[in-house]
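Work the whole structure out from these sequences, hints included.
In order, the protein sequence lines correspond to chains R and V. Heads up: the first sequence begins at -14 in my numbering, then just goes up one per residue. Heads up: the second sequence begins at 75 in my numbering, then just goes up one per residue.
Just so you know, the hints here were simulated from the structure itself, not pulled from any lab data. It is possible that some hints are incorrect.
[Claimed, not checked] Among the chain V residues that face chain R by a calculated CB cut under 7 Å, a handful are:
1) Ala104
2) Leu224
3) Gly231
Treat the numbers as computed from the prediction; the structure is a model and nothing was measured. All C-beta atoms, glycine included, are put in the ideal place defined by N, C-alpha and C.
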Amino acid sequence: MGLESYVLIAGFLFCVGLYGILTRRNAIGVLVSVELLVNAANINLAAFAHFGRGLDGQVFVLFTTALTVAEVVVGLALVILLFRRRKDILLDLANGLKG
Amino acid sequence: MMERLFFGAVATVLIFSALMAVGTRNLVRAVLWLGLTLATTSMFYIMLHAPFLATLQLILYTGGVLSLMLFGVMLTRRSTEQHGVEVHNESNGQRRALPIVAVAVGLIVTAVGRTDLSTATPAAVSPETREIGQRILGTHLLAFEVLSVLLLAAMVGAIVIARRKDASLEGKDDPRDRAAALPGSRLSSERET
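Structure (structure tokens):
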């Protein structure tokens, strides 16, 4: 399969994740969508590493994986904090800084 | 031909599970669909001659991140289903989101169409895992070290963020806060916030 098919699939995955981020009101739902975005980027990195005959793309995927795990951990801590304060995890409730 | 069929099947599963992960109301189901998406991505990695990444994807994402998210859903599960609040803000959210997503799709398709990607041919030999390790500890050593600091910071930060409320509760020792902490006391929680 050519490089375009991988890039197009990853692009579509990215758009699905973008749609999820924009429509979800639930904090964990947004985290799920962010995972989709990162996944799309990872597919692109691996595809370009394979077709570009380099290895740095794969190394980059390792780095983004670690970053994503850190992001999920902090995100879930925030979600749990939000739940403790507001008894729900709808993002509309996280308006404490709103002027 | 066989490869094309396989690619099509995997891509279909990937897209479908991603759509379900974004579209379904039930959060637990959304997380499980995300798990299918991540597992299918590891099939992509295998097709891209990156078996190490595929293994890592299965262990880290479907093993670690997914169970973490399920824990998050279970720990915070209550009011969305009980009080009948929708996960989606159907009318408003979709109307605002669709044009943005349409622009993104258009941009990506245009960019891919204008770039000549068909000349790229895949590498004949798949790289060895040993080389990845050598790259990480050689060329990208600085990034690796920075990443370890970041992971430490994330760990400490997560603990601090998630624990803060407990400490303040113990310090105050106010019966009203106790009542607010009880499940089902919607009114007192409103007052608390």
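Quiz prompt | Satisfaction of the V/Ala104 interface hint, Cβ to chain R closer than 7 Å | solution = Holds: closest Cβ of chain R sits about 5 Å from V/Ala104, inside 7 Å.
Self-check item: Restraint satisfaction for V/Leu224 [CB to CB of chain R, less than 7 Å]
Solution: 6 Å, holds
Quiz prompt | Hint status (Cβ of V/Gly231 to nearest Cβ of chain R, threshold 7 Å) | solution = Check passed: Cβ of V/Gly231 comes within 6 Å of chain R, closer than 7 Å.
Comparing the model with each numbered hint stated earlier shows that all of them hold.
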